[in-house]
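S.K.: The lines below spell out each chain.
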Amino acid sequence: MIANITQQIKKISSLYTQKEAVRINGKGITYTELNSRSEKTAAYLLCTMKESGESLFGVYCEKSLEAVTVIIGILKAGASYVPIDYTSPLERIKNIITVCNIKTFFADSAGLNNLLEINKEAGLPLNIIVIDNPDQGAHSENINIILNDKIEEKESFTPLPTISENAIAAILFTSGSTGTPKGVMLTYGNIMAFVLWVIKFFKISEHDIFLNHSPFHFDLSLLDLFVPLLSGGTTILVPVKKSQNPWYLQKLADSEGITCWQSVPSILTLIAQFTRSQDRPLSKVRHVLFAGEPFPVKFLKKTMHLFNNATFYNIYGSTETNDTFIYRVPADMEKIPAVLPIGSPIDGVDYLILDEQGNPDPRNAEGELVVNVPTLMAGYWQGMEYDPAHYFCHEISQGKCKYYFRTKDLVIRNDDGLFMLSGRNDNIIKSSGYRINLTEIENILLGYEKISQAVVFAIDDEYTGKRIIAGVSTELHTRLSNIELKKYCAEKMPKYMIPSQFFLNHDKFKMTASGKIDRQYIINKYNRKRKEETVDNEK
Amino acid sequence: MITKNDIRQYIKKELLGENDTSDLTDELDLIALNIMDSLAVLKFVTFLEDQYQISLDIEELDFDVFTSINSIYNYIKDK
Chain A
276 MIANITQQIK KISSLYTQKE AVRINGKGIT YTELNSRSEK TAAYLLCTMK ESGESLFGVY
336 CEKSLEAVTV IIGILKAGAS YVPIDYTSPL ERIKNIITVC NIKTFFADSA GLNNLLEINK
396 EAGLPLNIIV IDNPDQGAHS ENINIILNDK IEEKESFTPL PTISENAIAA ILFTSGSTGT
456 PKGVMLTYGN IMAFVLWVIK FFKISEHDIF LNHSPFHFDL SLLDLFVPLL SGGTTILVPV
516 KKSQNPWYLQ KLADSEGITC WQSVPSILTL IAQFTRSQDR PLSKVRHVLF AGEPFPVKFL
576 KKTMHLFNNA TFYNIYGSTE TNDTFIYRVP ADMEKIPAVL PIGSPIDGVD YLILDEQGNP
636 DPRNAEGELV VNVPTLMAGY WQGMEYDPAH YFCHEISQGK CKYYFRTKDL VIRNDDGLFM
696 LSGRNDNIIK SSGYRINLTE IENILLGYEK ISQAVVFAID DEYTGKRIIA GVSTELHTRL
756 SNIELKKYCA EKMPKYMIPS QFFLNHDKFK MTASGKIDRQ YIINKYNRKR KEETVDNEK
Chain B
-8 MITKNDIRQY IKKELLGEND TSDLTDELDL IALNIMDSLA VLKFVTFLED QYQISLDIEE
52 LDFDVFTSIN SIYNYIKDK
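As given, the protein sequences belong to chains A and B, one line each in that order. The opening residue of the first sequence carries number 276 in the working numbering; numbering runs sequentially from there. The opening residue of the second sequence carries number -8 in the working numbering; numbering runs sequentially from there.
These are computed hints drawn from the structure, not numbers from a lab. This structure is a prediction, so every number in the text was calculated from the model and none was measured. All C-beta atoms, glycine included, are put in the ideal place defined by N, C-alpha and C.
Just some of the chain B residues that point at chain A, by a computed CB distance under 7 angstroms:
(1) Ala23
(2) Leu24
(3) Asn25
(4) Ser29
(5) Ile49
(6) Glu50
(7) Asp53
(8) Asp55
Reference excerpt, derived from the structure (chain B facing chain A, CB under 7 angstroms, subset only):
(9) Leu7
(10) Asp14
(11) Leu30
(12) Leu33
(13) Leu52
(14) Phe54
Result set (DSSO-like, lysine-lysine): computed pairs, CA atoms no more than 27 angstroms apart in a straight line:
(15) Lys517/A - Lys(-5)/B
(16) Lys791/A - Lys683/A
(17) Lys34/B - Lys517/A
(18) Lys770/A - Lys(-5)/B
(19) Lys70/B - Lys517/A
(20) Lys395/A - Lys369/A
(21) Lys791/A - Lys804/A
(22) Lys3/B - Lys806/A
(23) Lys294/A - Lys478/A
(24) Lys762/A - Lys(-5)/B
(25) Lys804/A - Lys3/B
(26) Lys70/B - Lys516/A
(27) Lys3/B - Lys741/A
(28) Lys770/A - Lys3/B
(29) Lys3/B - Lys762/A
(30) Lys34/B - Lys526/A
(31) Lys3/B - Lys516/A
(32) Lys762/A - Lys4/B
Working from the sequences, and respecting the hints, build out all of it.
M.R.: The following block contains the structure:
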C-alpha cells in the first residue's frame, strides 16, 4: 500500500518538527510551520470547495515560502493545483483560466496585477488570495481580493479528507500544436509513485538538500519539491531573477550545502562556460540530474570538474509520463560516449518500440518509443479518453487494450541494450528543457497581418542546443523589422518560443509538387545566407 | 566610461544582426522580447568587465537589470 502524499507530509512533519523544510534568500520555514500553515490553507479551501464546488486552484506567483505552503495546502484539501508560468503572456494565461474555469487564485502582488490586467478585458469573475503584502489600492469590479490573514485566522482542526490515488493533484500546461496549451493531469498516485522511485534509486534521506531550480509549472519541479518534503530533507528555492545566473547558483550550492542538483542541461552549460578559475569545487553535491534536452558532452565534462564528487545522470521523460529512462554517466571521462544515451528503462517502466507500420514487434531495435508507467498522466484536461493520437493500444486479449503513451520520440536500442534518441516524428523540438511545437509558432506568426507565409525551423546551437529560426514571407515593399516581430511574438507566446532570428523574404515561398511549402528549400537558403555572413565576418 | 550609445552599438552588433534596428529604443524591453537571453547577459557582463573594467557583484546580479538600454546604463554608470 502506497502512503498518500498528505499523510506522508504529516508524518514527516511530526518527525522533523524544527528542521527547515524550505529555504529561499537565507530564510526558511520549519516542518511544523509548513504543516500548520498548509492545514489552515486546506481548512479554508475545504469551505470554499463546499460552497462553490471548485476543485482547481491557480497558483500565480514567484517562488516563495508561501507558494510552497499554498501548494501543500491545496493538496491537503484534496484539490488540484494549477501553476501558472509567471513569464507567460497574459493572453495565454487567460486561455488557461478559461479552459480550466479557474475561479480562485493564489497570487503574489505581481501575479495579482497581471490578473487585474487580464480581468480588464476578459471580465472573468475571480477570487484572488494574495499571499504577500498587496497594494491596498488594487481593485476591480469582478475581482474579490482576499488577504492571506483570512487564512491565518482559520483554525486548523477541520478534519482533512482522505484522498483517492486517482484524484488529480496538479495540472501542468505544455505546448500544443493548435496554439492552445495542453493541460497534463497528474494524480496523487502519479506523484507518490515518482517520489518513491527517486527516494529508492538515489538513496535519498533527510540529510539531502535539494536545489529547487525549475519553476513550479515545469515538470522537473515535482522532484525538487516533493522528494525533499516527503523524506525530511530541505529544498532551496531559486528566485526566478537569479535562476539563470551561474555564479549565484554556484554560490548558493556552496553556502546551502546542496547535495542533489537537478536542472536542464542549458543551466549546467552556462556554469561550464562561465565558471571562474578561482571557483571552489562543489564537493557536497552527490547527484547531478539533468533532463529535458541533450547535454553537449564537452560541457558535461567541464561541469564534472566542478561537481567533483557527484554522479551525473541523463534522465529522459516527459510531463505526461515523468521520468522513464536513465543513464548514469561513467565517472571515467574517457568512457563517456560522444552522444549521451538515454540509457535503460527505470523500475516499473513497460515500453514497446513501434516500427514504421506501428507494430510493436519485440525484436524492433528502432522506432517510436511508447511507454506504460505508474507515473503516466490521467490524460489531458478535457482531452478525449485514450485518444489514438497520444495513446497506443496494445491488444493483450481480444478487444482488451493495454494503453501506452506515444512519446513520439524515435529511439535506437544499441547492441549493449542502451537506448539512444534518434529524432522525432513530428514538428517538436526541445530547447532549454521546453518542448516546443514549431507548428504552433508558425500558426501564431500567420496571425500577424504583414506575414503571408511562415516556416519555423531549428538549427543546432553549440550553447543552447537548438535555436529557433523563422522564415517569413511578406508582400513586396512591406517594412518589417526583427524587433517588431519579436514584440508581436512576446504578446502571443512564452519567451522560450520566440524565434531568435527572423529570416525575411519578399517573394512567395517555393512549393513542392504536392502543393506544400518547400521547407527544405527555405532551410537551405537560410544556411547559405548564414555561411556567406560568416565568411564576410572573417574577411 | 561607457555611454548609452556604446550599449546600443553592442546590442545591434551582437544581438540583433543586420536586420532593421531603428525600433531599438532605450526603453525597449530586451528580456521580454528574448533579445537578452541568459547567454547574452553573461557575455555582456564579461564584455563590460573586459572592455570597460566595470566590476559587478556578479554573484548577486538580478538579470532584470538588463531589461533595457536605460536600465543597463543606470545600473552600470556608477560602477
